[in-house]
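Enquirer: The sequence shown runs -21 to -1, 1 to 540 under mature numbering (1 follows the signal peptide of the UniProt record, and there is no 0).
Hints in this document: simulated from the structure, not taken from any laboratory. Be aware that one or more of the hints could be misleading.
What the hints assert, rightly or not - Distance condition first, Cα-Cα at most 25 Å in a straight line; then the derived DMTMM-like pairs of lysine to aspartate or glutamate:
#1 K143 - D22
#2 K474 - E464
#3 K187 - D163
#4 K172 - E112
#5 K146 - E112
#6 K405 - E496
#7 K397 - D467
#8 K187 - E156
#9 K143 - E112
#10 K497 - E403
#11 K146 - D163
#12 K497 - E509
#13 K474 - E348
#14 K397 - E477
#15 K474 - E403
To be verified - Restraint ranges, calculated between C-beta atoms of paired labels, are given here:
#16 D328 - P186: 40 to 48 Å
#17 G183 - T330: 39 to 47 Å
#18 N50 - K172: 48 to 56 Å
#19 T330 - S145: 40 to 48 Å
#20 A428 - S71: 24 to 32 Å
#21 E496 - E156: 39 to 47 Å
#22 D108 - A428: 26 to 34 Å
#23 S455 - D108: 35 to 43 Å
Model, not experiment: these values are computed from the prediction. All C-beta atoms, glycine included, are put in the ideal place defined by N, C-alpha and C.
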Amino acid sequence: MKLHFFFTFLLFTSLFPLSSTTTTTAAITNDTAALSLFRSQTDLHGTLLTNWTTTTTSACTANWIGIKCTNNRVTAVSLPFLNLRGPIDALSSLDQLRFLDLRNNRLNSTLTPITQCTNLKLIYLSSNDFSGEIPPEISSLHRLLRLDLSNNNLNGPIPIQITKLSKLLTLHLQNNEISGKVPDFLDSLPKLKELNLSNNELYGTLPKSLISRYGANSFSGNQELCFNTHNCVNPSPSSSQTVPSNPSSLPSSSIPIIQEPSKDDHHKRLSNGAIVAIVVANSVLLLVIASFTVAYYCGKYSRGTSSIAGSEGGGKRRSSYSSEKRVYANNGGGGDSDGNRGPGRIPLDWTTRISIILGAARGLTRIHEEYASSRIPHGNVKSSNVLLDKNGIACISDFGMSLLLNPVHAIAKLGGYKAPEQVETKRLSQMADVYSFGVLLLEVLTGRAPSEHPSPTRSRPVEEEKSVDLPRWVQSVVRDEWTAEVFDQELLRYKNIEEELVSMLHVAMACVVPLPEKRPTMSEVVKIIEEIRVEQSPLGEDYDESRNSMSPSIGASTEDA
């Protein structure tokens, strides 16, 4: 009897590890099957076909592009800008998914499938073709930190169940067809820092608490939305106006509106006073344009006027990515970006470098958004134009110099990093700024000047080594699978940043693609960089809880916040 009981006990206890192993294996297989189904339904052009193969046991062991795993479970899917088309239903079974980035595709159907991925923390689904209402089941995403559903075809009201997302930091719903009243319950989300409901079909009276907390521009473009019960006015100057993706960070405009003259005015002679007024106005216009040359845009979206030297310490210009007790050269002492690359340098650490590049990216984004309608670029992006203020915030300087020169001469004389299309067109553009920023980022990652670096084969003569520009050199090294040789050797001494380095390299290479229409916008670049986890320190006040879960593109960590 005892022997029978003993064997029964052994059989019973052995079932549990067997069951657990079977469940885990089944889950891994289900993740791979779900992704394979998603690819077959959405990847009509076969972009993922060469890498997403089913010959191996799982998507995790095969290192599928855009997929991040933890303990052999899929925890991140990052596939932006791939022209994917179709439904996302297949992703609903990814129960360990933390990070979902499918921005700028052509995906459609409703959002209901993602509500079944209850571990999601970061959702970026902007610029797709999703339709229908925001499902009430979104309340099941109790760990959600960031939700971006902007630029879709969503309709219906904002569900009250969204108040259960107590950890939510950002909510972007702009440029949809969302209707109904702006609910006061949005003010009850305790940690919400960014809210954008602009360019929808909202109506009624806007709660004053929301205006004071998020700013009027966050609600612009809703024709029937009233700021108060006594005077119902549209908050935007024009009902068709489109506002930037993060308008709450922008100041209200002080540019006067010039009225068109009436027909009778064309038949009247100009008086002497009018002629004087025109001359004065033109002088003022020239002064305004000239003021751009001393304006600089900083990493916290603040704008400086007058000169950099007015700040404490004389204003300090970036000299290189290293220092000898002084990291920066004074503004008047030369801004050569290669001025301190010699022996004895003390290199900047990874956290400082990423903070500098993020500040420069935010400054460029501010310029592009503030001058979106006129498409005015910076036109002179290079490392010597990246400054730090007295608080260590990176700023982008020399904005407006290109406006004072003939476009053909501007490209030749300003000396910024030139995009390939500028060689032929001789024109400045915001997309060319993105390319220049990509070169700047490569300079930060590699520690090399944009025009001087060895060839990846180490066999070319010196004169050829200097003829290959930095983006082409990086591409050739990565293509030969020598990725480690790309990065500054000083950075490789830091532990646990390899994933962040590779992720930042992906950002840089996306910026320097030859076709300008394939490059991301600067606002998209900022968002991706902000999602990259920096181990040494957080990048902002609202990253304390969420930074361990953020990473761009292919890399995403899934530790609990």
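Enquirer: Looking at the structure, which of the earlier hints fail to hold?
Expert: Per hint list: 1, 13, 14, 15, 18, 19, 20, 21 and 22 violated.
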